[in-house]
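Trainee: Sequence:
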Amino acid sequence: MKSHIVFSLFLATVYGATPELETLLKTEIKRLGDQCKAEMGATEADVAPLLAYSLPTTQPGKCFLACMYKKKGLMDADGKTGSADDFLEKIKPFDEDYYNKAKEIADICLTSDHNRDDECETAASLHSCWLEEKTKMGLPSISLD
Numbered sequence: 001m002k003s004h005i006v007f008s009l010f011l012a013t014v015y016g017a018t019p020e021l022e023t024l025l026k027t028e029i030k031r032l033g034d035q036c037k038a039e040m041g042a043t044e045a046d047v048a049p050l051l052a053y054s055l056p057t058t059q060p061g062k063c064f065l066a067c068m069y070k071k072k073g074l075m076d077a078d079g080k081t082g083s084a085d086d087f088l089e090k091i092k093p094f095d096e097d098y099y100n101k102a103k104e105i106a107d108i109c110l111t112s113d114h115n116r117d118d119e120c121e122t123a124a125s126l127h128s129c130w131l132e133e134k135t136k137m138g139l140p141s142i143s144l145d
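In terms of the numbering used here, the numbers along the sequence shown are unbroken and rise by one, the last being 145.
Read the hints as simulated data drawn from the structure, not as lab findings. No false leads were slipped in.
Derived lysine-lysine pairs resembling DSBU-like cross-links, with alpha carbons at most 30 angstroms apart:
1) K71 x K136
2) K92 x K136
3) K26 x K90
This structure is a prediction, so every number in the text was calculated from the model and none was measured.
With these hints in hand, go ahead and build the complete structure from the sequences.
Mentor: Right, dumping it as structure tokens:
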């Protein structure tokens, strides 16, 4: 099952990350991915685009993202953009360079107007920003198998 390979702003864009940080991120992705897949009723087909670092095209796929982002605080309980501070502080001790790059992306994406009337659409818009900014920064993605 590869549905847990999706949290691509922070978790799939590890840039020179330490082995300890990679382990932390992989564990967190699997835990959240499994929970959100079950909670949202998302299928493998719904999350398949995320495995290719693309946007989901189905509502369950977008809601899967919303679930993960809400669990990490990137979206608040009302489905609006939130903060990455708590998550970023947890990774800072493992890799300061990664922290700085991830914080820069978060500052761009979480301050932009990605809020939509539907939290799943907000998550998709936010994810689009993550992907775009990650590419601009030249951060490679890693497989989290």
